[in-house]
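Now for the letters of each chain:
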Amino acid sequence: MTNLLWLLPALPAFGFAINGLLALAGARRTEGPDRGIVGFLALLFPVLSFILTLVLWQNLSAATESVRSQSELLGVKLQAPAFAQTMGDWIRAGDLAIDFGFRFDKLTGIMLLFVTGIGSLIHLYSIGYMAHDRGFARFMAYLNLFLANMVVLVLGDGPIVTFLGWEGVGLCSYLLIGFWHHDEANGSAATKAFLVNRVGDLGFLVGIFLLWQIMGPGSSLTYEAISAWFRDPAHAAQLATPAVAALLTASTLLLFVGCTGKSAQIPLLTWLPDAMAGPTPVSALIHAATMVTSGVFLLARMADVFAMATTTLHVIAWVGAATAVWAAVTGLFQHDIKKVLAYSTVSQLGFMFLAVGVGAFDVGIFHVFTHAFFKAVLFLGAGSVIHALSGEQDIRRMGGLARKLPVTFAAMFAGWYAIVGLPFGAGFWSKDLILERVYVHGGIGLYSIALATAALTALYMTRMMILVFWSPSRVDAEVSHHVHESPLSMQVPLWILGVGALCVGFFWADMIHLDWFARQLSDVVGPAQAILVSGHGGHGPSPWLLAGFGVTAAVIGILVAFGLFRNGAFRENGREPMGTASRWWMLAFDGLHTVVGIWPVSVVAWILDNWIQPLLMGILRVFGWLVELAGSAIRLLQRSRLRTHMALSVLGLALLLLFLARELL
Amino acid sequence: MSFLPTQSLILAGFLFSIGLATVLVKRNLFFVLMGVELMLNAANLSFIAWSRTFSGPVGLDGQVAPLFSIAVAAAEACVGLAMLLSVFRSKETLDTDRFDRMKE
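From first to last, the protein sequence lines are chains G and W.
Position 73 of the first sequence, counting from 1, maps to 72 under numbering that gives the first Met the number 0, and the rest follow consecutively.
Position 80 of the second sequence, counting from 1, maps to 79 under numbering that gives the first Met the number 0, and the rest follow consecutively.
Source of the hints: derived by calculation from the structure; they are not laboratory data.
From the three backbone atoms N, C-alpha and C, an ideal C-beta is built for every residue, glycine too.
Certain hints may be false.
Simulated restraints on C-beta separations [to be verified]: (1) E662/G to Q6/W: 56 to 66 Å; (2) T29/G to R100/W: 42 to 52 Å; (3) Q6/W to L659/G: 51 to 61 Å; (4) A74/W to V621/G: 43 to 53 Å; (5) G623/G to R100/W: 20 to 30 Å.
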């Protein structure tokens, strides 16, 4: 079973190869390749990958159970099992030895289950959504490639293999944001996403190398080895020395910079709202459910390292909280339905980092899991609305769609119910756990920020729902004739994910003592959390009380939203609700990037262009001139007469013979 | 009594010099080709002379080489003459001094 791990990324990669070839083969025809075949193949391989993940998960669970019963029998704590497969050497350079290997443990399994599962559903949805697009085959090929890279990212047995997938999903994100590249704005959004992510990736790489320095040259760079090294009590003294502690803080902070790039946290967050230029299934799959959560995944994967760097965890918690509240406020001012959801994603990612920052890695992953369901259904529902309104994305020109699009409405209602945190939806359980952990381990400051963000989340999400579905219709008369429910291939994912958004929270319903999810992750992140929690023994107030606060915040947000936007009333005439203040609020980080990132580079570029370039060109000119001179000298030998040539070559031959025979003479 | 190839080699050198002189001096491409043939045959003659010196009257080592060389020379003459014809058709002359387009 173990040696089938490579198939997980290989299946979608195979789909990419076939669909890519089909897309190329059909490039000349006006219609493109046959949509039935392309759609079938594009869906088949992710589904196969999902089934394989399920089988592997079953086997791993069985293995874990047997190990657990054994260790109870023997009274010894045995290592939790994990499937691993090494494909071979990858990098051999001096002390550095990196194998290309995959590792399937409980954390990987949970990530893979929803990556391939939701991925398959979104592939199915895309078949309906992109059916009329000329680039259908190319689109499906990119989606398959994305899935393959995402699986590599999650399945990698060390940070370097993860980095390979990390870059791969970045590439696919770039390709898919700029999918409709005939519009220049889409192309620049793609470029922006790519460039901003490069800054983060640099942090990731340097962070890994610093980590390797800490562990000492020659050590193996796999998650297993890293965890073992940082768990080993023998290294505690070494980690306590100021120099190593500083190095560790730097290393973890740099890794976190990588996560801020991929997961759109302060300061590298501006690319995600712009990334909405891509087709809606892309926004749902890449920019909501899977890729953007890989930062949280990485932190949980290296929980043992971060558990030793408490300073970094504080930074992560505060950055997460700041991002959550900033994005929630920004989401209030958006008119584009996808932008609202994009800022909502940034805000929810902030929640996840907040959870990780207070040491609740498993809760962070749980929120990743539930968020994948409800945000995917919200995006897919938004896509369905856009599809129904012939491409309209402005919520000021929507309204009253609940009756016309019943399936879409029901699905988005489920997503809305989950994200605002009303009782027993998916978001209720995960957000509530976050709030509880933040209250116990993070202090009252972070808790009040998180609570305020929960209220803001309810406010902007309810605003969106009111403006799209409940308020009086403001749809253009011409468009409203064509309003139609989406095809079946788009409805099925909506149904499944809508039900998921309501139910998946019960995998870890702490208050009613369902903790399946936590037990799965306890082998992976348990030791790290035990270290972090050991300092704070105290228990907070009853979880029911904290949940009550959370629900109260949500209800307040919902009521305020109904009070403000009940009639779909807007200050129209094109002005922002709060004028320039909101504009400044939204563009603050673009400005920051310009000052911190672009200006210094521009200065360096100016110096290079105006001083260094002429200097280098001058030196090159001298060489060029020398070569030219030599050439014109040699050209004198080039006579046009055949006979002269012959004579010269005979002369040369004679000289050569004389030289060879010089000892005989 | 051993065979001394002196006379043969002198003859071969003489033939070679005549061939080389023809190639260098003649302006007609046809004669240049004939000069090349002459040089080839001079080489063949020296092969046979040295063969007689080193492997005796019955040794065939050096005598086989001219056979190959003659066959190649025949083929080469064929191609050479065909090219000569085609050059003449396009240029209307065989004067080598007029073939100076390469320099530009």
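Quick rundown of the hints versus the structure:
{"no.": "1", "hint": "E662/G to Q6/W: 56 to 66 Å", "verdict": "27 Å, violated"}
{"no.": "2", "hint": "T29/G to R100/W: 42 to 52 Å", "verdict": "50 Å, holds"}
{"no.": "3", "hint": "Q6/W to L659/G: 51 to 61 Å", "verdict": "26 Å, violated"}
{"no.": "4", "hint": "A74/W to V621/G: 43 to 53 Å", "verdict": "52 Å, holds"}
{"no.": "5", "hint": "G623/G to R100/W: 20 to 30 Å", "verdict": "28 Å, holds"}
Checked against the numbered hints listed earlier, the structure breaks hints 1 and 3; every other hint is satisfied.
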